[in-house]
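Trainee: Please take these sequences and the hints and turn them into a complete structure.
FYI, the numbering used here numbers position 48 of the sequence shown as 48, with every residue one higher than the one before it.
Don't take every hint at face value.
Stated by the list, open to error - Taking lysine to aspartate or glutamate pairs in the EDC-like style, the calculated list, with each CA pair at most 20 angstroms apart, reads: (1) Lys151 x Glu185; (2) Lys43 x Glu132; (3) Lys82 x Glu162; (4) Lys59 x Glu185; (5) Lys160 x Asp95; (6) Lys72 x Asp112; (7) Lys43 x Glu28; (8) Lys105 x Glu132; (9) Lys59 x Glu28.
As the list claims (entries may be wrong) - DEER-style ranges, computed between Cβ atoms: (10) Val73 x Asn187: 37 to 45 angstroms; (11) Asn101 x Glu149: 29 to 37 angstroms; (12) Val31 x Trp139: 14 to 22 angstroms; (13) Phe113 x Thr143: 12 to 20 angstroms; (14) Val31 x Ala193: 43 to 51 angstroms; (15) Ser56 x Glu122: 14 to 22 angstroms; (16) Arg53 x Ser189: 12 to 20 angstroms; (17) Asp79 x Thr171: 35 to 43 angstroms; (18) Thr34 x Thr143: 32 to 40 angstroms.
Derived by calculation from the structure, the hints in this document are not laboratory data.
No residue lacks a Cβ here, since even glycine has one placed at the ideal position from N, Cα and C.
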Amino acid sequence: GVEGVGHHGVSPAIASIAQSCQQHVIYEHQVLRTMLTHMNAVKFSNALVMLARFLSPKKVLFVEGSSFPTDKVHRYAPDDTKREFGLYNINWLYDQAKIVNMDIKFLHLTRDFYRTVASHPEFDGTFEKHAEVLHDYLWYIDTEYRSIEAKESGLWRQIKYEWFTEMDNCTALAAAIVDFMGWSECNLSQACAILREDLRPPTPRTVNETEYV
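Mentor: Structure follows, in structure tokens:
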């Protein structure tokens, strides 16, 4: 998702749910991330296979997440230039996983757009400009989604940050994620106990001095 949607809170929550399903979670592995960033297809695929074999027979979940934008160089770049940077080229990541016959799923994290922009209102000079940058990246993510969906349907789900700040429906939320990911042997009660302890409550929505309300 775009920057400001709450990756740092939700990513560990997804990992906790995965671990409750006996998944060995590898989160943003340094070698994999370097190969992904530079789009080194051979080394990236080889690293995936070697890590999976080393951990066999465990069920392994590789978690790769990134906020859009995540670097200064490509912040205002056109879409074709964005795709030259591995962390933005979601379609390339899909292709590499398929080359080595690994299952891959995408969770697109979203949030109330005003709160998303207000998370970093000083970015890009003004609140309005920051909103425009994030809006452009939302369109870019949608373009990548449609490209992958044309190859294989059912691999993409949108999840909302707000779902993870209201834990009354935690079991249903965790069950929906488990069903989408295709996991089994899960202890959702254990996962929700961890989430209720670790996740912080939602922050009040305060109005910035801007035309966007």
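Trainee: Which of the listed hints are not met by the structure?
Mentor: 1, 2, 3, 5, 6, 8, 11, 12, 14, 15, 16, 18
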